[in-house]
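Peer 1: Protein chains in written order, with numbering that gives the first Met the number 0: chain X, 0 to 378; chain G, 0 to 263; chain S, 0 to 318.
No lab work stands behind these hints: they were computed from the structure.
This structure is a prediction, so every number in the text was calculated from the model and none was measured.
Virtual Cβ for every residue (Gly too), placed ideally from N, Cα, C.
Be a bit skeptical, because a hint or two may be false.
Below are the SDA-like pairs computed for lysine to any residue, each with C-alpha atoms no more than 20 Å apart in a straight line [stated by the list, open to error]:
#, chain 1, residue 1, chain 2, residue 2
1, X, LYS144, X, ALA44
2, X, LYS81, G, ARG52
3, X, LYS366, S, ASN78
4, S, LYS155, G, ASP29
5, X, LYS276, X, GLY230
6, X, LYS183, S, LYS155
7, X, LYS34, X, ASP145
8, G, LYS35, X, SER263
9, X, LYS224, S, ASN78
10, X, LYS102, G, GLY7
11, X, LYS124, S, ARG62
12, X, LYS366, S, ARG75
13, X, LYS183, S, ARG62
14, G, LYS35, X, GLY39
15, X, LYS366, S, ILE80
16, X, LYS105, G, ASP29
17, X, LYS366, S, PHE74
18, X, LYS181, S, LYS209
19, X, LYS124, S, ASN283
20, S, LYS209, G, ASP29
21, X, LYS183, X, GLY230
22, X, LYS316, X, ALA339
23, S, LYS209, G, LEU162
24, S, LYS210, G, ARG52
25, G, LYS35, X, ALA261
26, X, LYS181, S, PHE74
27, X, LYS168, G, GLY37
Sample of chain X residues with no beta-carbon within 12 Å of chain S, all distances over it, derived [stated by the list, open to error]:
#, residue
28, SER195
29, ASN227
30, ALA339
31, ASN354
32, TRP369
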Amino acid sequence: MSIRFLITLLILASSILTACSSSTPTTAIDWSTVKSAADGGGMDALIAAAKAEGELNVIALPDDWCNYGEMMSVFSAKYGIKVNSINPEAGSADEIQAIRDNKENKGPQAPDVIDIGPAFGPLAKEEGLLAPYKVATWDSIAGVKDPDGYFYTDYNGVLVFEINLDVIKDVPQDWADLLDPKYKGMIALAGDPRSSNQAAQTVYAAALANGGSLDNVQPGLEFFKQLNANGNLLPLIANTGSIAKGETPITFQWNYLALANAESFNGNPPLEIVYPKSVNWGGFYLQAISAYAPHPAAARLWQEFLYSDEGHTIWMKGYCAPARLADMIQRGVVPDDLKAKMPAPDVIKNAVVPNGDQLSAARELIKNQWDSVVGLDIK
Amino acid sequence: MKAKRINGWAIFWGFLAIAYFFLPMYGTLDFSLRMKRGVISLQAYQIIFSDPRFWEGFRYSTLAGLITITISVLIFVPTVYWMYLKVPNARPVVEVITILPFIIPGIVYVFGLIRTFSRPPLQVTLNPLTTDILIVVGYVIISMPYMFRAVDVGMRSIDVRTLTEAAQSLGSNWLQVLAYVILPNLRIAILSGALICFATVMGELILASFLVRPALGPYMQLLGLTKAYEPAALAIISYTLTWFSLGLIQFISRGGATQQVTGR
Amino acid sequence: MTRRKSGHTHPLIFFMSIIQSLLRTWRKHPLWNWLGLLPFFVFILFFLIIPSLNLFSGAFLNRSGELTLENMAVFRNSNVIKAYISSLQVSFMTAAIGSIFGFFVAYAVTIGNGPRWMRNVIMTFSGLAANFGGVPLAFAFIATLGRTGFITAILKSICFPGSEGVEVCPFNPYDYGFSLYSLTGLVLAYTYFQFPLMVLTITPALEGLKKEWKEASANLGASNWQYWRDVAFPVLTPSILGATLLLFGNAFGAYATAQALTGGSIPLVTIFIGQQIRGDVLGNPHEGYALALGMVVIMAATIVAYTALQRYASRWIRR
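Whole structure, please, built from the sequences with the hints as guidance.
Peer 2: Right, dumping it as C-alpha cells:
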C-alpha cells in the first residue's frame, strides 16, 4: 500500500463523514427546550415540526371531561397528528407517576402533556418533570400561572350538588339541608376522599360551610361524620351509572361534570344542579408539558391549540370555564349558546379557591383522619 | 348400561349456581334496556355496536386470548409432562413458581412488568408488535396458576409413563408422543384452563391500559367514566360474546374425551 | 489410541477420552433431566422473577435510592394492621364459602349425574364469572340488591293490608340493617367469582375419581358415606385444599370490586398498595412495596401451611 493510496482513502473518508453530518441540519431545533413559539421560529415552524413528529400522547382525558373527546379529534383532524390517549381513568397522581416511570421510554406510554390538580403543579415542577412554555395567548390567561411557564390554569369549575330528580322530590338547596333524615341512604361522594382530588375538595368545601376555613378542614370531617351517623351517607363511590340508577341520587361534582352528565342522560333521569349558596367552592386544573415528552413539538402545538379561541370554545361546549374566558367575552367572541353553558361570571369570580399549600395540608389531614373520624367501618 | 338416576341434590345445586350467575346479570340487563325513558329499548346496545372502538377492542382481546391459551399450552404441557416423566423432584419448585403470580399482588406484578420492559436495556414498548407480545406474555403469567393447575390435575389422572413407553415402543419421538398421545388425553383439563385464561384476558384492564393497547378492558373503563347506560350494555355484550366464544371452544374440543379419561 | 514413540498416549486424545467418559456419566445424571425444564425456567425468570424483584427491591430502598429498613415502619401503623386483618377476613370467608358452594356445584355436574345441558352451561358460565369483577360486577350487584335494585324492589312490593288499612311491606331488607355496602355485600359479590373458580378447579379432580373405586367399595359392602369418607375425600383432599388456597389468594389479591362496592370503607391492603404505588403525592411508593412484600410473606406462610397439610392428608392415601 502506497502512501498516496492511504491519503486518498483518508480524504475520501473524511469527505463522506462531513457530507453525512452536514445532511443533518445544523440549525435543528431541540423543541424540548423551546419556551415559546416565537423562540422556535414561529407558529409555522412549530406546526411543521409537530406534523413531522406525527403523534401526541395525552393522559387522563375522558371523552366527556370538558369535551376532551372533541378536542382530541378536532386537533387530530386539523394537524394530521395521531392522539394516543393513555389511561383516561388516571388521576393527577397517576399522570405525574407516568412521567416519572417513562423518562427513558419514548413510546406511546409516556405522556407529552398533562392536566393536573393544583397541588401537583408545583410538585412536578420541583421534581424537574415539567418543561416551561408560554403559549402565544399567555397574557390573556387569568388565574394561577407559573411565572416561568411551567404550569398554567386551563379551566375553572365550581362544586355543585348533582341531584337525581326521579328519586329526590324535595331538592336540598344547601349543605345544612343534607343532614335532614329524609335523605337517609341517599348521599355519596364521587370518589375516595383519601385519594381523589374532587372528593377531598368536597370535604374541604363542607368545612367552609360548617364554620371552618381554608386553614381548618376539621369541621368538614365532622360534617361527614354527622352525615354518616344519621345514616345519610352511603359508603359507595358514586359514578355516572349509580347516579342514573338512582342508587346515589345526591352527590357532589364539579359543575362541568354534572352538566355533562345531565346532557348525556338527556332527561333520563332528569338531573338538577344545585349551586350551594353558603359556599361557592371553586376548582381549577393546570396544564403542563412533560420535560421528557417524546413529541415536544406536538406537545407545544397542543397547548397552543388549547389556548386558542378555537380550543377554548371546545372546552366551553363541555361546560368548562376556560382560563381566557374573561378576555374572550370582552372581545365578544363567545356565542350566546355557549355563554349560557357557562356559570354566571360572578360565580367564577367569587369562588373560594385554596392555594397549593392549603390544599396539600387539607388533603393530608383528610387522608389521615377520614377513617377514624368518619369511621365507615366493617359491620 | 345402567340407567342414570337423576340426583335431586344435583339439580338443587345446579339451579342455585345458575341463579347466582344470572340474577346479577338480570339487574344489569334491565338497566341497560332503559336508556330511553319509560320504554324498553336497545338504544344503548346500538350505540355500542356502532362504535368502532368496541369492535377493535373485542377483536384485539379475543385474538390476545387465543394466543395466550396457545402459548400457555405450548409452555406448560411439555413442562408438566417432562416433570412427571423425568424430574418428579422438580415438583415442589415448579409448584411454588406457578403459584407466584398469586402470591405477588396483581397490581405489583403488572407495574413491575411494565417498568422492567419500558426502559433500556429491555425496552419493548416502542413498537406495537413487541408491546403486544409483552401483553400476551403478561397474560400468560397472570393466568399461569389456573392453567398450570388444570394441566397438572389432568396429567395426574393419566398414566404418563405407560403411555409414553407404549408410544415410544411403537416408534414415536418425543414430539409425536406429546402431540398425538398426551395432548388429546388432556383435552378436558386444557379446556377448563383455557376457559379461565380466555375470560382473564377479556377482562384484563391494568396492563392494556398502561401499555396503551386497544383491548376491551380499557374501552369498558373509558365508557364507565362518563356514561351510565352504555357500560351496562357493554357488560352484557361482553359477557354474552365471551360466553359464546367459550361455548365455541368447548364445542370444538368435544369428541368423546370424557369417556376416554373417566370411563364414564 | 495412537502412541508416541516414547510410549505415552497423546495428551489430546487422553483429554478427549476424559471428556467422553464425563459426558457419559453426566448424561445419566439426574441433573441432565432438569434441562428439559429450562425453557420454562427461563421464561419465568425473564417475565416473572425479574419484573417482580424490580419492584420488591423498592421495599428496601428509600426515595434517594439508598438501602434502608425504614419502610418496614409502615407495619406499625394501625390503619395498615386493620387493612391486613380485614383483607385476611374477607379472603378466608370468601374462600371457605366459595369452596364449599363450588364443590357441591362441581359435584352436581360431574358425579351427581346432572343433565348434560346444565353441565355445559355451568362450565362456561364458571369460566366467565371466575374473572368477572371490578366495577361491572359491583354495578351488577347494585342493580340487583342495592337500594334501588330489582330484587330489593320485588321484596319491597310484597305488601299485606295491615291494621287501619295501612299497607305493610315487611320485606325490605334495608329495614333490617342489611346493606350491600358492607362486609356482607362484599362477600356476596366475591362469591360470584369464587365459587366458579372452585368449580373449574375441582371438576378435573372429581372426574378423576375412578368409577371402579366406587364399585369396588360397594362390592366390599361400604355405604355411600363410607366410600366418601374413606376413599373419595382422602383422594380429593390435596386438590380441594389446593383449590381453596387458590380462592384465598384470589380474594387476597383483589381490590377493584371492593373499591367499587364499598368506596374503600373496608380497608384492604391491595387498595392501600394501589394508592401508594400509583404515586399519590401523599403516598410513598416504597411503603407500598413494603406492604406488597408483607402480602407475599403472608401468602408464602399460607402455602407452607398448605404443603404441610397436604403431606399430612396424603398419609392416608395408600398407594
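Peer 1: Compare the structure with each hint and give your call.
Peer 2: Against the structure, the hints:
Straight-line distance between C-alpha atoms of LYS144/X and ALA44/X comes to about 26 Å, which puts the hinted pair past the 20 Å bound. With a C-alpha separation of about 15 Å, the suggested pair LYS81/X and ARG52/G falls inside the 20 Å cut-off, and the hint holds. Between LYS366/X and ASN78/S the alpha-carbon distance is near 11 Å, which keeps this suggested pair within the 20 Å criterion. Restraint check for LYS155/S and ASP29/G: satisfied, since their Cα atoms lie roughly 18 Å apart, inside the 20 Å limit.
Between LYS276/X and GLY230/X the CA atoms are separated by roughly 24 Å; this puts the pair beyond 20 Å, and the hint is violated. Between LYS183/X and LYS155/S the alpha-carbon distance is near 17 Å, which keeps this suggested pair within the 20 Å criterion. Proximity of LYS34/X to ASP145/X is assessed by CA-CA distance (about 13 Å); at most 20 Å being required, the pair is judged to hold. At most 20 Å may separate the alpha-carbon atoms for a hinted pair to count; LYS35/G and SER263/X meet this at roughly 12 Å.
Between LYS224/X and ASN78/S the CA atoms are separated by roughly 18 Å; this keeps the pair inside 20 Å, and the hint holds. This hinted pair does not check out: LYS102/X and GLY7/G have alpha carbons roughly 63 Å apart, beyond 20 Å. Proposed proximity of LYS124/X and ARG62/S is supported: the alpha carbons are some 17 Å apart, at most 20 Å. For the hint pairing LYS366/X with ARG75/S, the CA-to-CA distance comes to about 17 Å; that is within 20 Å, so the pair holds.
Annotation: proposed proximity of LYS183/X to ARG62/S is violated, straight-line Cα distance about 45 Å (limit 20 Å). Taking the CA atoms of LYS35/G and GLY39/X, the gap is near 52 Å; set against the 20 Å cutoff, the hint is violated. The hinted pair formed by LYS366/X and ILE80/S meets the criterion: a straight-line CA distance of about 17 Å does not exceed 20 Å. The straight-line distance between the Cα atoms of LYS105/X and ASP29/G is roughly 45 Å, outside the 20 Å bound, and the hint therefore fails.
Straight-line distance between C-alpha atoms of LYS366/X and PHE74/S comes to about 18 Å, which keeps the hinted pair within the 20 Å bound. Taken as a hint, the LYS181/X and LYS209/S pair is broken in the structure, with Cα atoms around 63 Å apart against an allowance of 20 Å. Distance check on the hinted pair: LYS124/X and ASN283/S sit about 18 Å apart at the alpha-carbon level, within 20 Å; holds. Between the alpha carbons of LYS209/S and ASP29/G the distance comes to roughly 45 Å, so the proposed pair goes past 20 Å and is violated.
Under the criterion of a C-alpha separation no larger than 20 Å, the hint pairing LYS183/X with GLY230/X is consistent with the structure, at around 6 Å. Among the hinted pairs, LYS316/X with ALA339/X is consistent with the structure: their alpha-carbon atoms are about 10 Å apart, no more than 20 Å. Only pairs whose Cα atoms come within 20 Å are accepted, and LYS209/S paired with LEU162/G is accepted, the gap being roughly 18 Å. At most 20 Å may separate the alpha-carbon atoms for a hinted pair to count; LYS210/S and ARG52/G exceed this at roughly 51 Å.
Among the hinted pairs, LYS35/G with ALA261/X is consistent with the structure: their alpha-carbon atoms are about 14 Å apart, no more than 20 Å. Using a Cα cut-off of 20 Å, the hinted pair LYS181/X and PHE74/S is violated, with the two alpha carbons roughly 42 Å apart. Simply put, LYS168/X and GLY37/G have alpha-carbon atoms about 18 Å apart, close enough for the 20 Å limit, and the pair holds. Distance to chain S contradicts SER195/X as a non-interface residue, since its nearest Cβ pair spans about 10 Å, not more than 12 Å.
With a minimum CB-CB distance of about 9 Å to chain S, ASN227/X fails to clear the 12 Å threshold, and the non-interface call is violated. With a least beta-carbon separation of about 32 Å from chain S, ALA339/X lies farther than 12 Å from that chain, consistent with its non-interface assignment. The non-interface label for ASN354/X is consistent with chain S: the shortest C-beta to C-beta separation is roughly 16 Å, beyond 12 Å. Here TRP369/X does not stay apart from chain S, with its beta-carbon only about 9 Å from theirs, under the 12 Å limit.
Hints 1, 5, 10, 13, 14, 16, 18, 20, 24, 26, 28, 29 and 32 from the earlier list are contradicted by this structure; the remaining hints agree with it.
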